[in-house]
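**Q** The listed protein sequences derive, respectively, from chains A and B.
If you count the first sequence from 1, position 93 lands on 93 in full-length UniProt numbering, and the numbers rise without skipping.
If you count the second sequence from 1, position 548 lands on 548 in full-length UniProt numbering, and the numbers rise without skipping.
Rather than coming from a laboratory, the hints here were simulated on the basis of the structure.
For clarity, every value in this text was computed on a predicted model and none was experimentally measured.
Take these hints with a grain of salt, some might be off.
To list a few chain A residues with every Cβ distance to chain B over 10 Å, as calculated [stated by the list, open to error]: (1) R58; (2) L88; (3) R109; (4) E120.
DSS-like cross-link-like pairs, simulated, lysine-lysine; straight-line CA separation at most 25 Å [said to hold, decoys possible]: (5) K238(B) to K209(B); (6) K61(A) to K209(B); (7) K77(A) to K51(B); (8) K429(B) to K1055(B); (9) K74(A) to K214(B).
From chain B, some residues computed to sit far from chain A (all C-beta separations above 12 Å) [as the list claims (entries may be wrong)]: (10) V79; (11) E392; (12) V617; (13) Q1012.
All residues carry an ideal CB built from backbone N, CA and C; glycine is no exception.
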Amino acid sequence: MCQPIKKYLTASLPNAHPLHTYGSVRKRVKCSFIYTYIHIGSESTIKIKMQFMLLFSRQGKLRLQKWYVPLSDKERKKISRDLVQTILARKPKMCSFLEWRDLKIVYKRYASLYFCCAVEDQDNELITLEIIHRYVELLDKYFGSVCELDIIFNFEKAYFILDEFLLGGEAQETSKKNVLKAIEQADLLQEEAEAPRSVLEEIGLT
Amino acid sequence: MSDVVEKTLSALPSLLSLDSNAGAGKLSSTSKLGNLIRGITELTSKHDEEKLIKKELAAIKEQVASPNTTMRQMKEIMVRAIYCEMLGYQASVSYIHAIKLAQQGSVLEKRLGYLAVSLFLNESDEFLLLLVNTVLKDLQSTNLNEVCMALTAVSQMFPKDMIPAILPIVEEKLTHPKEVIRRKAVLALYKFYLIAPNQVQHIHSKFRKALCDKDPGVMTASLHIYLQLVKESPESYKDLTVSFVTILRQVVGGKLPMDFNYHSVPAPWLQIQLLRILAYLGKEDQGTSEMMYDVLEESLRRAEMNHNITYAILYECVKSIYTVYPKAELLEKAAKCIGNFVLSPKINLKYLGLKALTYVVAQDPNLALPHQMTIIECLDHSDIIIKRATLELLFRITNAQNVTVIVEKMLEFLRQSSNDYSTVDLVGKVAELAEKYSPDNGWFVQTMNSVFSLGGDRMQPDIPNNFLRLLAEGFDSVEEDRQLRLFAVDSYVLLLQGETASLPQCFLQVISWVLGEYAHLRPDQASDPGKVMRLLTRLLDQRHASAQTRRWILSALTKLCSSPVSIALARDVGERYFGSLDTVLRQRAHELMILSQDAGLRGRVLSAEGRLEHVEVDSSLSFLDGHVSEALAAGAAPYKPPHQRQEELAHEKALSLEPYGLSLPVSLSTCSITDRLTDRQSPTRLSISSSVSGNSTELSLKGGSTTLKLDGVKRVWGKEGYLVQQPKEVVEETPLPPTELPSPLGSFQSPVSQTQTASPGPEPDQERQQLASSLFVGVGTHHSVCLMGRTEAAPQRFRRKPKGTGSSSGTSEHSSNSSHSSSGTAAGNTLDSTTAATGQQISQHALGHPPVNGNPIVETPGPLPPVRDGGVAAEIPTGHTDSGTLADPNEDPVPVRPRDLPLISHLPAELSGLARSKLTTLCPGPDPGLALSSCRVYKEDALVLVVFVSNNSDSTLHRVALRFTSKQLEVSCVSGDLVEEVKGHSVATCQYAVVMMRASVDVELAGLVSYQRVPGQPRATPFSLRLSLKHFIRPLTVSTGEYGKMWLSFSHDVKQNLRLITAGDQSPLTATLDTLRDRLHLHVVDIIGSEGIVACRLLRGQPCLLHCRVHADSLAVWLRSPIPEFPDSLLYHCQKALAEA
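Using the sequences and the hints, build the whole thing.
**A** Next up, the structure:
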């Protein structure tokens, strides 16, 4: 049912995007990807599984960040800087898990994007890896063979998908179909944006 | 349905372009974002990027402020603001507009507004309050999309205080016809539960409904809540076990719709969630566990596919199997599974395998044995994460025999590692192992040197503190102490002769303190008294020494100036630092000068005997009272100890989960001025800070409990460290090479080692084999497997115990008998006390043959049986008391009764109705005709010690008198101080009221009974008995208000985490407090939410207050009392009581 991501990501690359018109964007060559980086924070007494998710590029540029624990701006910056550095320094064949402070970092690279999540130490690392994978699948399906550029230019969509998939750090809907259905429903409104309010309500109700 | 999705997706690009053509404004702003992104991508320098973003932010600011900006344009602006924030630039000016967008925009704009809010704002942000009304409105909207958005926003963040405003509406959504709404509502409630559990308490029944929801998505969502609930109190949800098992069975059996499959595995997230819940439910509960064995086995069996997701399930399954009540078959399967993980070529699985192994070896060290070679390979793995995980595993299997090898590996890792967090962690572990299993002095000091130099100044401060305390307090053997100290001194002298610039400050401080205290032990100190001083002086003048370190050095120099040479040196140093800008240094220099000039003063302050004296310190600083009250009267703020300030800070910062109830810090502001006058909260803290600065360390270390509060600090070596040598001998009796271990896995083992020798590359292999045998030595010797996984904590708690008793027990001058039973209890009280051997021999005997008495005694013994109170006392024998034989204390206590009765019948009538202890015999003494027994009677206002003098011979005893001597107890005679005669086969009773003068953990009461069998020929027999603090504690009945006032006025406090007790359907807090109340005679004043306050008093003495708070799964206890020793000692008894419960 699911092909390996690697395969479909590279296959779709060449003629992929409306975005390829930006010829000057260096990343184009390598990437047909989305890098989602999920961060899970700690330090709070609240036990939330995932603390944060980060997506960043091979150059260390943040593409997406979602924090499920309250942290100050300064802390967030410090954490992402530290983590991006640490992860980029790791070799490709190394373990996908990192012990970092009191957190467990789970990361995976898809084309030019790194997806990274922070979970609590006792949490199941493998399932977190699959959460990343499922998110990539969702993005891929939504954008139709997603690449980094998709995410760069449509990051708000990537956020919407993430919110539909993970809520407050917990997987809320793991069915690919349902997540995309919800997103699509909201997107449809765009078409109707100009229509009178009552029609909108009707759509919402059905 | 799916083709609809496809269609929409394919239509998307056109939609987007269509959309951008729709309005000119829209087009321009879209390209604005595009331009921004393109612009940034093209830039090469960080500086240019900064400039561009600044410009962008200025533009955003201008646009949002303009009244002509439409909501639609605002939406585009928000997107750009989010982008800027992602790059790390503050776009705070747009925050309020994000809220506005969520409030006023159309559905689409609203969606972006909510997104921007969730990205910009923090849970604690005050801006969020502005969102409450919007959320409220949207929740009531008839548009499903709006409701969804509102619920999504609420589940991400919501101001805690405003929950009641929207709670009813969210609850209502639980019955909404659309499953997506129900699901989101459940998740929103989950969020509420996390941030304010009290507020959703009343809707627990609705959670159950959600669990039974016909839609699997809603049910899955409700499991998040249940996981949390079950984790917190498994007892209350045992009835749901069957439901969870049924759900899991259906999921595993593929009964869910295909939609929930992930890579053809049915609902893996759901499975894992259920496995976790089952693990919590089945933990330490055989009945519940039995219900889930089948389904656990089935999950294990079904998860066969070779895919990450099945491994994830397997891993969770294994964890659950090892958490629930053990079942042999399942454990075997799980162990095999772990083996597959460890052996897997995939690095991620290998890592998890190691982790799982780390988790299970605590329960069964034998499991590590089959994987020795893999573990050793992992030790040299190129990935530092794998290495680290392997060390963690080794840490768990360390024992007295492999400690040197493992510690060496850890230090090796530390030398290469640059990660602060793991360094601090690992350094702590090395120190722990060194303290626990150190084979000899030299190794211990060397290892600690490495710890200090590698750990640097980042390590936990209790490591150097413990080390110094260990040196200062010493062990039972004076010679042993001297050697250890001398060894440390020698190694430090050597170090100081070399290059010191690379040594961390805290190591230098340790060095200075030790040299100051113990340099006199050096044999060449007399011939060359200036040597150590010169070294220290050199260090003092070095630039890399911090001001803090210099203070330590000056203190050390002060202690060293005794000979003329050193006095000259000291004067020299004093002159140089006389004018130092650092006030503390200057003061030290002054002191040094004065000391060096005044020989008489020197003699008094620095006398050699003075080192052992107990120094009284007015730790409450009462002499400052006048000054404090003046300052308070002048309007100064009352002093708050650092920990309280920190706590308040933390409260401000972090979300407080529940109302603090009768919050003590809060009542501070309401307390009257008179209260403030006495409000000297933390002299103990003061003394800590002064000892840190090097001022009075030596005093406080010797003063024991008066100042440095180290009691709560984990400390495992202590007196026990040297006991290691005893068990060691014992273990050596068993053959060491792991292949020959008489372990149950013996058969398992040999094939493994055979294949290993057969593999190519014999040389490195042999090396590894060797390493393996040194690493795993002793690991497999555990005969009994402790499956409940509590092995780690329990023995340590007991290790700490002798500390309190050690000092007082030194006084027991006799006899084979007392040492006999105390060592007997240590070895497990199965010893027959009548055995004629000495205690020493007996305990070795027992240790040497664990199978004989069935005690699992190895290096890490399981929880020891509680030491009986009294320790020295044995119970009254069954028959034949006349001959003075003692019965096996382990024998069924019932037969004791009949014999017990006659003596008890002699109990004075006025005491008979009161609570009393069992009878204990005091020393039988050399005279078989005389037997002494005692019994404690707990009166409200006194502890009455009733001593029964039984004359078991035919002749009459004359002038029987008892004398007690104890420094810490005041013993006054109530009756029977002198009995003129005790006829043959009769009993005389004497009563004494005992009061504890100074609170201490327990006290030895030595006594002497004198009598005349033949008139005119006095004889005397010494005896002793042990009284513990808990005998002197009485409940203190106070109201909550009084408690609050007293709390503020007490100055000595101690904080510690205790374990929680779970029992029946009581909450853990209530259960724990009840246990303490019953065992220690405390008064539970009040329990509010997760906090409880408890009070007690010492007989005729001062009160002690306890403030308990449930924190995660432990009980944070904060004790306060006007007497410095009381909280420490009481804490010890609390620990003990809970450990025994």
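**Q** Each of the hints needs a verdict: does it hold here or not?
**A** Quick rundown of the hints versus the structure:
Separation of R58(A) from chain B is adequate, the least Cβ-Cβ distance of about 14 Å exceeding the 10 Å criterion. Listed as a non-interface residue, L88(A) keeps its Cβ farther than 10 Å from every Cβ of chain B; the least gap is roughly 15 Å. For R109(A), the condition that its CB be more than 10 Å from all CB atoms of chain B holds, with the nearest at approximately 13 Å. Distance check on E120(A): its Cβ is at least 12 Å (rounded) from any Cβ of chain B, clearing the 10 Å threshold; non-interface status holds.
Pair hint K238(B) plus K209(B) holds up; C-alpha atoms about 17 Å apart against a cutoff of 25 Å. With a CA separation close to 45 Å, the supplied pair K61(A) and K209(B) exceeds the 25 Å bound. Pair hint K77(A) plus K51(B) holds up; C-alpha atoms about 19 Å apart against a cutoff of 25 Å. Note on K429(B) and K1055(B): the hinted pairing holds, with a Cα-Cα distance of about 23 Å set against a maximum of 25 Å.
Between the alpha carbons of K74(A) and K214(B) the distance comes to roughly 45 Å, so the proposed pair goes past 25 Å and is violated. Its beta-carbon lying about 6 Å from the closest one in chain A, V79(B) breaks the requirement of being farther than 12 Å from that chain. Distance check for E392(B) against chain A: the nearest CB is about 9 Å away, which does not clear 12 Å, and the non-interface claim fails. Annotated as non-interface, V617(B) keeps its C-beta farther than 12 Å from every C-beta of chain A; the closest such distance is 37 Å.
For Q1012(B), the non-interface assignment is confirmed: its Cβ lies about 70 Å from the closest Cβ of chain A, beyond the 12 Å cut-off.
Hint compliance for this structure: hints 6, 9, 10, 11 are broken, all remaining hints hold.
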